[in-house]
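Participant: Here's the letter readout for the chains.
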Amino acid sequence: MNREQRTEDRGEKVLLSGNEAVAKSAIDAGCRFYAGYPITPQNELIGYMAKNMASSGGIFIQSESELSAINMVFGASASGVRAMTSSSSPGISLMQEGISYIAGAELPAVIVNIMRAGPGLGNIWPAQSDYFQAVKSGGHGDYHCIVLAPSSVQEAYALTFEAFVLADKYRIPVIILGDAMLGQMMEPLSVHSQEFIVHSKKLRTKSWAATGCKDRKPNVVKSFYLNLGDLEKFNLKLQRKYKNIQQKEQRYEELNINDARIILVAYGTMARLAKQAMVSLREKGLKVGLIRPINLWPFPQKIFQRLAISDKRLAFLVIEMSYGQMLEDVKLAVNGQQRVEFLGRSGGGIPTEEEIIKSSLSLLSS
Amino acid sequence: MKRIFGRTKSLRPLDTHYCSGCGHGVVHRLLAEAIDELNIRGITIGVTPVGCAVVAYDYWDFDCVESAHGRGLAVATAIKRLQPEKVVFTYQGDGDLAAIGTAETIHAANRGENLTVVFINNAVYGMTGGQMAPTTLIGQKSATSPLGRNEKTEGYPLRISELLAQLQGVYSVERTAVDSVYGILKTKNAIKTAFQNQMENKGFSLVEVLSACPTYWDMSAFESLDWIKNKMSKVFPLGRIK
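Sequences listed follow chains A and B, in order.
Residue 1 is where the first sequence starts when you use the numbering used here, and the numbers rise one by one after that.
Residue 1001 is where the second sequence starts when you use the numbering used here, and the numbers rise one by one after that.
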């Protein structure tokens, strides 16, 4: 599960909440700038940063708003430093303009959304109803963020670490999309040993960063292309980058799909409930499998496309803490060639194992 | 022949896009001269606004970061905190600094960020076509106050420099005007001092510059200078505020 953690890495075992694991991972990955504004259910994250960023040689700022936080991240990233902010749904809505600017200026940045239920002030219960905002890009303009969806505290640690690597590699904003359940629950996890922790000073310097033009030509970090044709050219460059990422960065976990007649599709914490339902159904002798997208953008289309064109008749049951958002991406990938059904609750409601089993059984009998 | 005057190094030899009589070009040059006289070009990072001066980085010859509208001081805060040995400034208009970016302005000032702010007040939104700004004078006509600004519905010209001067985190605030040779020299000195304050770690320093926008004031360049002197300076008094 922990993709970044090498087998020889025998880091210590710790007990942390998902929020704290994300924060610790960021610091371990060489993040040296964090700005954020308090909002439930991610307050343990900003709290961890307040306690630990300065002693790690970084800068922590409690900003006056999420607008300010994301623009501080813009400035930090423009300085060539690994930078992060975190919030929960309403705060992430406020950040959308800034995320668009970060994408437009091709800056690396990590943005954590520990989702709560909406719309509006909603409530602070777990939800997955910001999927569209994250994967379709909530700000203006043709851009994408890489979106990673951890389903455990261990994976939250691993994917946050990887998020910084991807952000630098592609100069792109990366969103960690978790929910209140993941943020709040505590689980034991193994963290990187000292040997594998990133020392920010040893990271390759970014030649494009604004650090003063002593001994080189001036750098400008910007997203403004006024002359007709220039922006189109830049946008085409972005699109080539996105295509490359779509080819290379499709991550997912699959379980029991080879003989399956029904494939459950769920991400994040929802996938853990779906997995439990799958185990129960298997015990009853029913052929049920699971696909858990780990990247939500780029969506792991290839596995769905492969299954869609198989001779075997299949049904996909998409399960979400929303009223059907990832469902649209599954349908696009399956392209009408197999049956796609949906089970979802939101507003704080979570599809239960029993409801998943019931829906699966009715699918098998229809 | 001995060269006694020339274009300063930090200002590129380009024609600007600014309208004739506009103050931006003058202040761009003053900033560049101050930077070169202090010999800090190699360690300076400018943060440009959204507004007429968005492409100031095309004219300046040092590192710059473009900010979203109003967010200059959030961007600059991060840059300076991470690179305290550099000289970081924002260049912002009245809409950017005193309307959409009010929160970022007040909080960066209140945190006492060790930054230099050059605030261009021309009492109007220039780039978008002459709409009312927070600093538009009572009775002044604009695209969005066609009958003149009415204090009963649009409020009063916002004296944000006086407001900022109240904050404990602010080190210095000065208001100048590029309406005369004297005013231009005063402005250059104020900008230079604001940079020196930062280099001496004294904290947040802001220079508000009253600057002409003949196009959207619907005046000639000369009338504009008179208007700064006779009208605008009455509402926005010149001098050291803090």
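Honestly, I wouldn't trust all of these hints.
[As the list claims (entries may be wrong)] Cross-link-like lysine to aspartate or glutamate pairs, in silico, EDC-like; alpha carbons within 20 Å at most:
hint: 1; chain 1: B; residue 1: K1186; chain 2: B; residue 2: E1033
hint: 2; chain 1: A; residue 1: K201; chain 2: B; residue 2: E1033
hint: 3; chain 1: B; residue 1: K1086; chain 2: A; residue 2: D215
hint: 4; chain 1: A; residue 1: K214; chain 2: B; residue 2: D1226
hint: 5; chain 1: A; residue 1: K206; chain 2: A; residue 2: E64
Hints listed in this document are in silico derivations from the structure and should not be mistaken for laboratory results.
Participant: Which of the numbered hints above does this structure break?
Facilitator: Hints 2, 4 and 5 not satisfied by this model.
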